[in-house]
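Trainee: Next come the chains, spelled out residue by residue.
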Amino acid sequence: GAVVSQHPSWVICKSGTSVKIECRSLDFQATTMFWYRQFPKQSLMLMATSNEGSKATYEQGVEKDKFLINHASLTLSTLTVTSAHPEDSSFYICSARPTAETQYFGPGTRLLVL
Amino acid sequence: RKEVEQDPGPFNVPEGATVAFNCTYSNSASQSFFWYRQDCRKEPKLLMSVYSSGNEDGRFTAQLNRASQYISLLIRDSKLSDSATYLCVASSGYSTLTFGKGTMLLVSP
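Residue numbers (my numbering), protein chains in the order written: chain A, 29 to 142; chain B, 40 to 148.
Pulled out of the complex, with its shape left as it was, chain A reads as follows (with noise of 0.2 Å):
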């Protein structure tokens, strides 16, 4: 069964809205939990590194105020993206490392932004 899952799989919302995401890490937990992007035909990009009790670590050229994550408790990780634009439309996956050799995915959020 799965072992992260995302919130909700899928949005449609109208440029200018704010959109959350959430990823839960089920069975185990993640003190360290990972956002990635992925645009049609394109490879995942790792958009930043969510760390449970302190602040994100982003790549660069991700906006922080842009992509807000918040890592709250050791199995929820959020992803808010602030006032979303039609550029910001594409499937956002979470992922999470239960132990040093395995990775697993969220089953992704696609959003489309109006």
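The hints are simulated quantities; they were obtained by calculation from the structure and are not laboratory data.
Incorrect hints may appear among the rest.
[Unchecked claim] Straight-line Cα separation of at most 30 Å, BS3-like style, residue types lysine-lysine; simulated pairs: (1) A:LYS92 <-> B:LYS81; (2) B:LYS84 <-> A:LYS48; (3) B:LYS81 <-> A:LYS69; (4) A:LYS48 <-> B:LYS81; (5) A:LYS48 <-> A:LYS94; (6) B:LYS81 <-> A:LYS42.
[Stated by the list, open to error] One-sided excerpt, in silico: chain B residues whose CB lies under 7 Å from chain A: (7) GLU82; (8) PRO83; (9) PHE138; (10) LYS140.
[To be verified] Restraint ranges, calculated between C-beta atoms of paired labels, are given here: (11) A:SER82 <-> B:ALA59: 39 to 45 Å; (12) B:SER120 <-> A:PRO135: 18 to 24 Å; (13) A:ASN98 <-> B:TYR90: 34 to 40 Å; (14) B:LYS81 <-> A:GLN57: 24 to 30 Å; (15) A:GLN57 <-> B:ALA56: 42 to 48 Å; (16) B:ARG105 <-> A:CYS41: 41 to 47 Å.
Glycine included, each C-beta is placed from N, C-alpha and C at the ideal position.
Based on the hints, put chain B in the right spot on chain A.
Mentor: Chain B only, in chain A's frame:
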């Protein structure tokens, strides 16, 4: 230069065929390598890790050549259900997974 490069696709093969995917990586500090499978509109799922000695899992064989910074995946006796995009992944540390764009495989009856 892209960090992880894969064969362009799609690969169209008949059922039962053997197909090979190639991948090169540019970061010599990469330590771990994986092949992931991604179905359309789904998240990637780990297919197999890749070890220097080469490893096999059923119909799937992965090879790594560190000197050439080259990774391969061989699929024997292709099934219709093998149709997916195969992602080559290199990791240089605990958090950093670098994905290739993926190679699409279409297995036809």
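Trainee: Run every hint past the structure and note whether it holds.
Mentor: Hint by hint, here is what the structure shows:
no.	hint	result
1	A:LYS92 <-> B:LYS81	holds, 26 Å
2	B:LYS84 <-> A:LYS48	holds, 24 Å
3	B:LYS81 <-> A:LYS69	holds, 13 Å
4	A:LYS48 <-> B:LYS81	holds, 20 Å
5	A:LYS48 <-> A:LYS94	holds, 12 Å
6	B:LYS81 <-> A:LYS42	holds, 24 Å
7	GLU82	holds, 4 Å
8	PRO83	holds, 5 Å
9	PHE138	holds, 4 Å
10	LYS140	holds, 5 Å
11	A:SER82 <-> B:ALA59: 39 to 45 Å	holds, 44 Å
12	B:SER120 <-> A:PRO135: 18 to 24 Å	holds, 19 Å
13	A:ASN98 <-> B:TYR90: 34 to 40 Å	holds, 37 Å
14	B:LYS81 <-> A:GLN57: 24 to 30 Å	holds, 25 Å
15	A:GLN57 <-> B:ALA56: 42 to 48 Å	holds, 44 Å
16	B:ARG105 <-> A:CYS41: 41 to 47 Å	holds, 46 Å
In the structure shown, no violation is registered for any of the earlier numbered hints.
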